[in-house]
Amino acid sequence: MTTLDLPVRVHATLVTDRRELAPGVVLLGLDAPDVVAATQPGQFVMAIPPSGEAAATALGVYEAEGKRASLLFFVTGNRTRELSELRVGERLDVVGPLGNGFDLSGKPSRVAIVAGGVGIASVLLPAQALVRAGARVQLLYGARTAALLVEAERFNEAGCALALATDDGTTGYHGYVTDLLERLPRVDLILACGPTPMLRAVARIAATLGVRAQLSLEETFACGVGGCWGCVVPIVRTSAQAPRFPPANAGGSDFVNARICKEGPVFWSHELRW
Amino acid sequence: MTTLDLPVRVHATLVTDRRELAPGVVLLGLDAPDVVAATQPGQFVMAIPPSGEAAATALGVYEAEGKRASLLFFVTGNRTRELSELRVGERLDVVGPLGNGFDLSGKPSRVAIVAGGVGIASVLLPAQALVRAGARVQLLYGARTAALLVEAERFNEAGCALALATDDGTTGYHGYVTDLLERLPRVDLILACGPTPMLRAVARIAATLGVRAQLSLEETFACGVGGCWGCVVPIVRTSAQAPRFPPANAGGSDFVNARICKEGPVFWSHELRW
Amino acid sequence: MVETKPSLAVKLGKLRLEYPTLMGSGCYGSGQEFAPFANLNKIGAVVLKSVTRLPRLGNPTPRLVHTPAGMLNAIGLQNPGIDWYLDHEVPKYAKLPWRVVGSVAGFSVDDYAYVCERLAARDEIAAVELNISCPNVASEGETFACDPKLTASVVRACRATTDKTLIVKLSPNVTDIAAIALEAEGAGADALAVINTVRGMSIDAETWHPRLGNVTGGLSGPAIRPIAVLAVYEVARVATIPIVGQGGIETTRDALEFFLAGAAAVGIGTANFTDPRIPERIADELRDYLWNRNLASIGEIVGKANVGFANVYEYEGDEG
Amino acid sequence: MVETKPSLAVKLGKLRLEYPTLMGSGCYGSGQEFAPFANLNKIGAVVLKSVTRLPRLGNPTPRLVHTPAGMLNAIGLQNPGIDWYLDHEVPKYAKLPWRVVGSVAGFSVDDYAYVCERLAARDEIAAVELNISCPNVASEGETFACDPKLTASVVRACRATTDKTLIVKLSPNVTDIAAIALEAEGAGADALAVINTVRGMSIDAETWHPRLGNVTGGLSGPAIRPIAVLAVYEVARVATIPIVGQGGIETTRDALEFFLAGAAAVGIGTANFTDPRIPERIADELRDYLWNRNLASIGEIVGKANVGFANVYEYEGDEG
Ligand SMILES: Cc1cc2nc3c(=O)[nH]c(=O)nc-3n(C[C@H](O)[C@H](O)[C@H](O)COP(=O)(O)OP(=O)(O)OC[C@H]3O[C@@H](n4cnc5c(N)ncnc54)[C@H](O)[C@@H]3O)c2cc1C
Ligand SMILES: Cc1cc2nc3c(=O)[nH]c(=O)nc-3n(C[C@H](O)[C@H](O)[C@H](O)COP(=O)(O)OP(=O)(O)OC[C@H]3O[C@@H](n4cnc5c(N)ncnc54)[C@H](O)[C@@H]3O)c2cc1C
Ligand SMILES: Cc1cc2nc3c(=O)[nH]c(=O)nc-3n(C[C@H](O)[C@H](O)[C@H](O)COP(=O)(O)O)c2cc1C
Ligand SMILES: Cc1cc2nc3c(=O)[nH]c(=O)nc-3n(C[C@H](O)[C@H](O)[C@H](O)COP(=O)(O)O)c2cc1C
Ligand code: FES
Ligand code: FES
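Protein chains in written order, with our numbering: chain A, 59 to 332; chain B, 59 to 332; chain C, 0 to 319; chain D, 0 to 319.
I should point out that these hints are in silico values taken from the structure, not numbers from a laboratory.
The reader is advised that the hints may include incorrect statements.
[To be verified] Keeping only pairs whose Cα atoms sit at most 25 Å apart, straight-line, the calculated DMTMM-like set for lysine to aspartate or glutamate is:
| id | chain 1 | residue 1 | chain 2 | residue 2 |
| --- | --- | --- | --- | --- |
| 1 | C | K303 | D | D203 |
| 2 | C | K10 | C | E205 |
| 3 | C | K303 | D | E205 |
| 4 | C | K41 | B | E111 |
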């Protein structure tokens, strides 16, 4: 058998705690030492539905410390509803961690993290790692309304400066979180996770500012492990993340379709062909 | 609008209590005064799945007293599993009561009730009504194994004499419950609910003994209200229960297909064309 | 600005319905069975169980089996035959405050025309649907909807018998449903019902027996919704007559998929087995949906699915 | 008395597999993607993603959408083309301890024959599957499996290029799948894969956009299982070559439905997206099932569904 990239397996975890952070927003703590040990900031797991009756769900690893990993998610359909109904002591099997997380190797000293809505779930681990490495981290965090700006204080505790924005003005800046990014003093690096329109804005602003940005993308997944080619995004051919099993370059186009689950979910914004 | 037979409606009930009587056997108490008020012994309800994602499930009304009705069921598939996961305080909507229950109008003085497995769920109400009316009631109750002979003491309390049978001999008579029926002193009436092979045996024995029997039949339901003709059983054309919208008598056959949900679920055994 | 309540009314040929919802044939009796717990003031019409020339006992049981997100049925057209039906059943429909649409099934062109004519002649019957797509009869029931020429013959023969609205119900079990739809329209159909059930089968791994007495049956419910939405979309691109879209509609969101794909009205069958309040809920929520979007009538969304790829990034596509 | 462990081995033409399970094309990569958390010692083979003559970028996103008890996909045959594939991918398969079956897609008879010949010539490839039934390409991909004559032409042309086992994958989107199966067998197929995905569509009621970038896609998963079981049953009644039954298999009970309907082996696709341990679980449980029934091999249950109505009461049936 060929050598494998990552020592991932299917992990049987137990729910240790469960909180409803806002209506329809759930934080599930899991007893999952193996997941904690293996997870890099920005990676995700595929949560296997306890009923066995739907596809597994891609969820970012929110916290990972000691034996406890956690998942933070919005209930948007059948599958997240089923996960939201898990109780303390029940079992949840997860595949992972999977994918390529944020690249924090450049030793950035000033970092802006932009999170939109549930995007917050993928940025606590990189924020903690950056603070630990001595960087000054500014979290720009936006949501539809104040109640959905969950876990902001957690980032405060982690040592981040905070700037909040809501679409309806119920808290913080009244408008898009990306507006805050435009006005920020210079940073070395931008990390972002959130809805695609927000990520596009971040990419545009980063290009204008001349700052490199890493974006954690989202797309509907099936396999989550690179087997089905259902989750692609076009990236420039020369990217280090261009898939080893390359998508076609029919007509000699300058881009290739990379799998978000395998080559991502985090990509350099300047390598995306958006 | 034409006049309607029964004042049935959709009832929003709340789960008041929940017990697991044996592995996979659940008793759900419901705050359901309207159901209690309307239910005749042997009727059933269609339980609407809380998720809204499957067909409603036909379940006999087990207990009905004061404001509390209860359902007793075996977890055999998706739908009963979903119902089994309901907790106290949660809501369950039911349609009913529906169907024609046991005919207790003949003032029988000695009655044998034969219950097989989950069939027990449909015979407590008729047992109670008969005892109240002064009849001597003998419950013959069989199951695969002792642990599944749930609620036997409840029938004792209700004033029934009990004879138990298990397929594996773990309790009571070692063999089929219908063997007990053959050896019983003479009764005026037999009521039975359970698996179809058991009901067939009851029908045969009743014919031999010359005792009239009422059988509560089971079949997969879709509508539960007579609208789809999915749940039929052939009965003799002359039965009072022959449907008013009569099934065909192609070729002049002597039977008609009656709907178990509408003309039944209880039928006189001698009118079934088995 | 919309000042009045948005209209949900729809016309299928000459038949005007206050609500764009038809209760699927075979699923709802005549409506009387559901009247105690459903609000039949808020439905468009009930399509009656299909009736044939001669009486039929239907298939042996089991006739129903639940499957993932759906069910298989093989009723086998149990019905008392047109004579008894006209004498004993149809008169009752005169008193009903909701519209009933007759449904005709048969085994020859002549069967269809004969039953259609007699049924359509009755005032109690608002319109007639031709079920040329029942998958659950041993003989050639479904071959009508699987063959463009036979479809045309049946529809033409029935068209000649009545001026009432003629709805032709199509089968998804074909290679090219749009071609059949065109034949039906060309032969005089006023509307198309899309789709009937999808053929299927289930086997019990313990007993090794098929789970249906008839061995095979028809699949309905949410499982088939994507198949039905596509069928409506494909038929809508070629047909000019209204479509009654059906197959797995359980929620307003589901119904909207069908309107956007090109259905003028929707059918609701299996969902009534989940919860009899669903048709009323859909009627109310459709009205809210239109109101919230300042739309005056349901007609404004029919066929409005935006297939222009505006939701995806600019994309060059393939050459190979 | 059975003394040894029941055998799960199966032969598809010349190809002998230890386990009667094939991981569905397009769902499982080459197996390497799943190897970290699935036990690939307990599968029969992996069917590789379909490859075409020229490279293809595939369809715009979204390419996937979850639907009730299933999913729609419209990948659009993204692949690097046969040249790059043979040079860079296929050599890696030499080292894999599991069997890989190549899958060929195309847009002309010549395409199929060309790619089939080059692929089949490689030692790394244990057998070849012809995907003549992909519903997700704008051009004529699926018309091959929808037309008996085209099916025969493709299979005949490919047959001439190789002695390796040739599996032909059929589409459920046809009026008569058995007729197509017979053509494929007559033209030299060694086995039939039944079924590919069912065509479907989904529309977002909020945005009015189709949920797939390609507008339409292929439905897979438990929702289509009854459709697939029937297709296998119908093909098995006419074909004499082995069938790989697939469509919505998630549990051992599901797999057994297919064996009983007449499949010699089963395909597992979408279920791997639910839980990658499913194929191993099915292998173990199939062995237990045979053991508990004193059966020596999986072959003893193939096609053994009892369609003799023994499960229903004596019944006269209809005359009408
Ligand atoms: C790498 C990655 C990381 C992620 N991390 C997180 C995270 O940390 N937290 C988080 O909350 N999310 C995260 N997501 C997103 C998350 O995976 C999705 O929100 C999740 O898949 C939702 O699943 P669902 O079944 O609940 O809802 P959906 O997939 O939205 O829908 C589920 C079902 O509902 C039905 N349905 C839904 N909408 C409609 C409709 N309009 N019409 C008809 N049917 C409909 C369908 O039948 C479908 O099966 C992540 C995604 C990725 C790719
Ligand atoms: C009048 C009447 C009264 C009744 N009263 C009671 C009562 O009081 N208590 C009681 O317990 N029961 C009662 N029943 C029986 C009860 O209605 C059924 O047991 C119930 O419908 C089971 O539903 P289920 O979905 O849990 O399981 P099932 O209907 O057995 O199966 C559910 C699902 O599992 C899947 N499935 C199940 N088996 C298989 C298989 N072998 N292969 C593939 N898929 C499968 C299918 O997808 C199906 O959707 C009554 C029935 C009737 C008609
Ligand atoms: C139990 C049952 C019986 C049916 N009987 C008929 C029938 O007699 N005639 C007919 O045209 N369609 C019949 N159908 C098909 C439905 O009218 C409808 O077209 C199909 O079920 C798809 O819609 P649904 O998913 O909303 O049920 C029947 C469907 C079911 C489930
Ligand atoms: C994401 C995805 C991609 C697929 N790609 C292919 C393909 O490239 N070639 C092919 O023959 N079948 C393809 N299929 C069809 C599957 O191999 C299988 O036949 C079908 O999904 C039914 O089985 P299932 O329900 O077990 O998935 C694909 C299916 C899915 C879900
Ligand atoms: S989800 Fe399958 S390749 Fe990404
Ligand atoms: S279940 Fe519909 S008629 Fe009985």
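Query raised in the report: Hint by hint, which ones does the structure fall short of?
Result: Violated hint: only 2; rest satisfied.
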